[in-house]
Amino acid sequence: MQVEQISVFLENKSGRLSEVTAILTESEVNIRALALADTSDFGVLRLLVDDTEKARQVLKNNGFTVGKTNVVAVEVPDKPGGLHRILTLFYKADINVEYMYAFVRSSGDNAVMIFRIEKEDEAIDLLHKNGVNVIDGERLYTI
Amino acid sequence: MIHDIEYETMPREALEAIQLRRLQSTLARVYSSVPFYKKAFEEAGIVPSDIKTLSDLKLVPFTTKTDLRDNYPFDMFAVPMDNVVRIHASSGTTGKPTVVGYTARDIGTWSNLMARALAAGGAGRGDIIHNAYGYGLFTGGLGVHYGAERLGASVIPVSGGNTKRQVVIMKDFGPTIITCTPSYALHLAEVAEDVGVSFDSLTFKFGIFGAEPWSEKMREEIERKLNLTAVDIYGLSEVMGPGVAIECYEEKKGLHIFEDHFIPEIVDPKTLEPLPHGETGELVFTSLTKEAFPVIRYRTRDITSLNPEPCSCGRTHLRMNRVTGRSDDMLIIRGVNVFPSQIESVLMETEEVEPHYQLVVDRKDNLDVLTVNVEVSEGSFTDEVRGLQVLEKRITKNIKELLGVSAKVKLVEPKAIDRSQGKAVRVVDNREI
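Just so you know, the protein sequences line up as chains A and B, in that order. Sequential numbering of the first sequence, starting at 46, is according to the numbering used here. Sequential numbering of the second sequence, starting at 4, is according to the numbering used here.
Worth flagging that the hints you see were computed from the coordinates, not collected in a lab. For glycine and all other residues, C-beta sits at the position ideal for the given N, C-alpha and C. Any given hint could be a false lead.
To be verified - Listed below are several chain B residues computed to face chain A (Cβ distance under 7 Å; list not exhaustive):
hint, residue
1, Asp59
2, Glu254
3, Glu312
4, Cys314
5, Val379
6, Val388
7, Lys413
8, Val415
9, Pro417
10, Lys418
Using the sequences provided together with the hints, build the complete structure.
Shown next, in the form of structure tokens:
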């Protein structure tokens, strides 16, 4: 039920981000969601794409440091309190969220949030038990 | 003023006679008491008695910093430990320091040479010397201190750091001479300005600056900002410490080497052939009077040239020109010797990064700032920013522990570091000195 995310190490210098998008464009890889975390020196770009393996390979071939991480894509009711309910579930189960970001498209009436969390399997179980839908990779890439 | 008229102004012929006698005695002594030298002489196929003239010195093998390191800590000492009264050390190429020792007589010789140097730089009895060289294993602080006492000046052992307090002392104690690194002198000027103290209102006449390379441009700046006459002093712990060579304040054009105690040579750093006076190459020293730690043809790695022209100050000892560079890649950061190989050894122990690195040195507010650019490695790259920041901090801490120097560690992308002809450019020195 987990989704593969790739992360790219980027130095903070102009044009570096556009190099990533240029490489992906050329390889016809579609970006489905992304988040950029940065410090004064460097940034980490996290990407969900329609072809993880291909994206990873072309970026590596172009000299980027690329990592692969599992994240969880969760359907969040698109109304006040929707995200809060899920975060409360994690909090009570003592599951730490490393970071999260929003998916570009929605799934029906729901928004989609991407979570990087500890104890992923336990978290997925927890969400299922509480009636929260977790989206697998295949479906996510076709939303 | 000339402290030791007889020796400092001795006619060349008499000086060279003393040099030869002292050289022969030093060679005989190291041959019989230091196994390293005995072996080196044997491998070169010579015995001390083969050295019959000063020009025969070229037959004697060189000594390098690596040799000193291989004999860590005390195996280069030529006297038993119970005759050693002082030990100093400087950083070595792999983090192991180079250890040097002094007998009571060596301390006396050093004090005398340092007194000569202070006098050549304008100091005398009645002067108050603000000595801001670091006291400790580094030879700067104690070297100047003993020389000042020998000269009969009053010395303030203020050492390095705590700059605001130094400004108060300069204001209240009325020192007339300052001794420190040239970059610290400029830093002092800035801090003084910040706290509203003008050097024009202070009592300094002369400053004696060394322990790191500097330029004529920097001299002009120091003289203007500190309102004093600035002279250059040279020394290194392996040869003795500060006081191996000094500029006279009359000329300020090259540093007189105390040739009755040291023989300088300039060699081609590639072929190791001796070069004639005036040509630029690596400076090599042989000590003539040291007891505990004699050095024979020690390669300093400092690049300079020698000037035998007579000097208007009256000293007959030849002059070395300013050191213009190094024949290895050693950096001096805030007075501390830093070898890229030391940084490399820290990185080799850090799994998460490639041993590809670049040292960038800048001078900000007159203080050296070292940045270490390190390439992140593929295998251990984490998508969590926190993890990468912890990694930067850990490397910074390890560098500080091994080298005693604060560095800013900056993670960069793989292959971000320039490789010229397949070889990385390890050092970028942006300091304008």
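With a cut-off of 7 Å on the beta carbons, see whether Lys413 of chain B makes it to chain A. Holds - the Cβ of Lys413 of chain B comes within 7 Å of chain A, reaching about 5 Å at its closest.
Chain A contact restraint on Lys418 of chain B - CB to CB distance below 7 Å: 5 Å, holds
Interface hint outcome for Glu254 of chain B [beta carbon to chain A under 7 Å]: 48 Å, violated
Residue hint Glu312 of chain B, partner chain A, criterion CB-CB below 7 Å: 52 Å, violated
If you take the shortest Cβ to Cβ gap from Val415 of chain B to chain A, is it below 7 Å? Since chain A brings a Cβ to about 5 Å from Val415 of chain B, closer than 7 Å, the hint holds.
Chain A contact restraint on Pro417 of chain B - CB to CB distance below 7 Å: It holds, given that the least Cβ distance between Pro417 of chain B and chain A is near 5 Å, below 7 Å.
Close enough to count: is the Cβ of Cys314 of chain B nearer than 7 Å to one in chain A? 51 Å, violated
Supplied contact hint for Val379 of chain B, tested at 7 Å Cβ to chain A: 5 Å, holds
Measuring from the C-beta of Asp59 of chain B to each C-beta in chain A, is the shortest one below 7 Å? 57 Å, violated
Going by Cβ atoms only, is Val388 of chain B closer than 7 Å to chain A? At about 5 Å, which falls below the 7 Å cut-off, the nearest Cβ of chain A leaves the hint on Val388 of chain B intact, so it holds.
Checked against the numbered hints listed earlier, the structure breaks hints 1, 2, 3, 4; every other hint is satisfied.
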